[in-house]
Structures are given as C-alpha cells and as structure tokens.
Amino acid sequence: DTAVSQTPKYLVTQMGNDKSIKCEQNLGHDTMYWYKQDSKKFLKIMFSYNNKELIINETVPNRFSPKSPDKAHLNLHINSLELGDSAVYFCASSQVKDRGSTDTQYFGPGTRLTVL
Amino acid sequence: QKEVEQDPGPLSVPEGAIVSLNCTYSNSAFQYFMWYRQYSRKGPELLMYTYSSGNKEDGRFTAQVDKSSKYISLFIRDSQPSDSATYLCAMSGDSGGGADGLTFGKGTHLIIQP
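As they're listed, the protein sequences go chains D and X. Position 75 (the first sequence) corresponds to 75 in this note's numbering; numbering is contiguous. Position 77 (the second sequence) corresponds to 77 in this note's numbering; numbering is contiguous.
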C-alpha cells in the first residue's frame, strides 16, 4: 500500500484556472505538509497542518489554500493559476514528537503542474 | 545568502568510488540534519538523519555533522549505479521539523558510471 499518495500525477491547465491537488496518507501521522519543487529542483516548504490547524505558512500567495477534511488528508487548492506556479508539488507527512526528537517525513510521488 | 547551500553538480564518479556530498548552512538554530535521496520523477526518501554534531553510519552510508563549521557531509562507499540520483540535504530546528518543516538544499545530482 502506498503510504502517501497524491492525485493527479500530472496536471496541465490554462492560466487563470482554479485547480486542486489531493493528498492522502495511511500512516496515521498527525502532521502533513505541502512542498513546492521548482524547475531548478529547489524544494521549499509551503504549509504544514497538525490536527487540522495550520502551523506554518511561508511567504506563499493567498491564491494557495490548504484544506484538511480529516487527519489523513491535506488538499491544496490553487486559484487564478499563473505561469510561475508551474512546478512539482509534493505532499508529505510525519508524526511530530515532543521537542528534542524528530521523525521521518514521508513524501508522496509528486504532482507535476504545468500552467500554459 | 540562502540558508542552506549545496553544489547542484552533476557529480560523476566511476562505480566503486567513494562519494562525498556536502552542505553548508547559516542558521545556527538547526539541530536536525537529514539526507534525502530523490530518483527522477519520484518523491524524496529519507536516507539518514543526525541530531546535532557527530557521525552516523548505516551500511555504505555515513553522515557527518560539524556544527562548529556549519557543515554536513554524506559519504557513500562502494558506490553503485543504483545510487545515481539527486541527494538533498535538509535540516530543521529544535521541533524536529514537525512545526517548522524542513529547509532543503538544492540537491546534488550524482551519476555513478558502470
């Protein structure tokens, strides 16, 4: 079984459209993330959710909005798509422990978004 | 200056060679240091992580952290063609990456020639 899954795998759309990317994890983790990997392969955190609460929100345009219907899902909605949004978007999950410890972040296979 | 610097390569070495991959960073608050491997068109997968300074060995892989120099390394012994991938260093503060997410380097593209 896939631990972290994303749909769709590929998404090609026109500028100005609104689109969503879905993410599901079956690991029982309590924290999920969205990362963006640009054409130069630079991977940058966008959001993380813990128990349905947004923990961090980097300098991401408000056209991007994460939605978590439950602990196992974190979907990414993007409004008014722009050319610069073209990238690969990765979902990840982890089990956050107390301070002083860490845990593995498991990544999904990625969604390759192309905005024309 | 970016928080994490990593040479993107490509780095091409013959099979069986010892590979050395490195990252430098500027944020002294980083406590957890990780190496991820990413194959083409796949998600990153964790190879190793280290807390604070020190060495950690796992099979053919050794991770080293020198916090005084803000420098981390990953060594791959007896490199194999299947090791060809992009290697990303990642780090986080005291929360262990849970609340803050991970800060990644740009990744080094490694090619092991048969």
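No wet-lab data here; the hints were simulated from the structure. Please note: incorrect hints may appear among the correct ones.
[As the list claims (entries may be wrong)] Within a straight-line C-alpha distance of at most 30 Å, the following computed DSS-like cross-link-like pairs (lysine-lysine) qualify: (1) D:67 / D:44; (2) X:56 / D:44; (3) X:56 / D:71; (4) D:44 / X:67; (5) X:67 / D:36; (6) D:44 / X:70; (7) D:22 / D:9; (8) D:19 / D:36; (9) D:71 / D:36; (10) X:42 / D:19; (11) D:41 / D:19; (12) D:41 / X:67.
[As the list claims (entries may be wrong)] Residues on chain D that point at chain X, a partial pick, calculated with CB under 7 Å: (13) 13; (14) 15; (15) 16; (16) 19; (17) 43; (18) 90; (19) 104; (20) 107; (21) 108; (22) 109.
[Unchecked claim] Cβ-to-Cβ under 8 Å is the rule here; a few derived chain X residues that face chain D: (23) 43; (24) 44; (25) 70; (26) 102; (27) 104.
We treat Cβ as the ideally placed atom computed from N, Cα and C, and that holds for glycine.
Right, here's what the structure says about each hint:
Taking the CA atoms of residue 67 (chain D) and residue 44 (chain D), the gap is about 19 Å. The hint holds against a cut of 30 Å. Pair hint residue 56 (chain X) plus residue 44 (chain D) holds up; C-alpha atoms about 26 Å apart against a cutoff of 30 Å. Annotation: proposed proximity of residue 56 (chain X) to residue 71 (chain D) is violated, straight-line Cα distance about 33 Å (limit 30 Å). In summary, the hint linking residue 44 (chain D) to residue 67 (chain X) is supported, as the alpha carbons are separated by about 23 Å, within the 30 Å threshold.
This hinted pair checks out: residue 67 (chain X) and residue 36 (chain D) have alpha carbons roughly 28 Å apart, not beyond 30 Å. A hinted pair counts as satisfied when its Cα atoms are at most 30 Å apart, and residue 44 (chain D) with residue 70 (chain X) qualifies at roughly 20 Å. Proximity of residue 22 (chain D) to residue 9 (chain D) is assessed by CA-CA distance (about 10 Å); at most 30 Å being required, the pair is judged to hold. Taking the CA atoms of residue 19 (chain D) and residue 36 (chain D), the gap is about 15 Å. The hint holds against a cut of 30 Å.
Distance restraint check for residue 71 (chain D) and residue 36 (chain D): the Cα-Cα separation of roughly 21 Å lies within the 30 Å cut-off, and the hinted pair is therefore satisfied. A distance of roughly 22 Å separates the Cα atoms of residue 42 (chain X) and residue 19 (chain D); the hinted pair therefore holds under the 30 Å criterion. Between residue 41 (chain D) and residue 19 (chain D) the alpha-carbon distance is near 22 Å, which keeps this suggested pair within the 30 Å criterion. Our distance criterion of 30 Å between C-alpha atoms is met by residue 41 (chain D) and residue 67 (chain X), whose separation comes to about 26 Å.
Interface restraint check for residue 13 (chain D): the shortest CB-CB distance to chain X comes to about 19 Å, outside 7 Å, so the restraint is violated. At about 24 Å, the closest approach between the beta carbon of residue 15 (chain D) and any beta carbon in chain X exceeds 7 Å, and the interface hint on this residue is violated. For the restraint placing residue 16 (chain D) at the interface with chain X, the shortest Cβ-Cβ distance is roughly 27 Å, beyond the 7 Å limit, so the hint is violated. The beta carbon of residue 19 (chain D) comes no nearer than 20 Å to any beta carbon in chain X, farther than 7 Å, and the hint placing it at the interface is violated.
The restraint placing residue 43 (chain D) at the interface with chain X holds, with a minimum CB-CB distance near 4 Å, inside the 7 Å limit. Proximity of residue 90 (chain D) to chain X holds as hinted, the smallest CB-CB distance being about 6 Å (cut-off 7 Å). For residue 104 (chain D), the interface hint holds, the least distance from its beta-carbon to any beta-carbon of chain X being 5 Å, beneath 7 Å. Interface restraint check for residue 107 (chain D): the shortest CB-CB distance to chain X comes to about 3 Å, inside 7 Å, so the restraint holds.
Hint on residue 108 (chain D) holds. Least Cβ distance to chain X is approximately 5 Å, under the 7 Å limit. With its C-beta approaching chain X no nearer than about 5 Å, residue 109 (chain D) sits inside the 7 Å limit, and its interface hint holds. Evaluation of the residue 43 (chain X) hint against chain D yields a held restraint, the C-beta minimum of about 3 Å falling below 8 Å. With a least beta-carbon distance of about 5 Å to chain D, the hint placing residue 44 (chain X) at the interface is held under the 8 Å criterion.
A least Cβ separation of about 19 Å between residue 70 (chain X) and chain D goes past the 8 Å threshold, and the interface hint is therefore violated. With its C-beta approaching chain D no nearer than about 6 Å, residue 102 (chain X) sits inside the 8 Å limit, and its interface hint holds. Interface restraint check: residue 104 (chain X) against chain D, minimum CB-CB distance 4 Å, threshold 8 Å, status holds.
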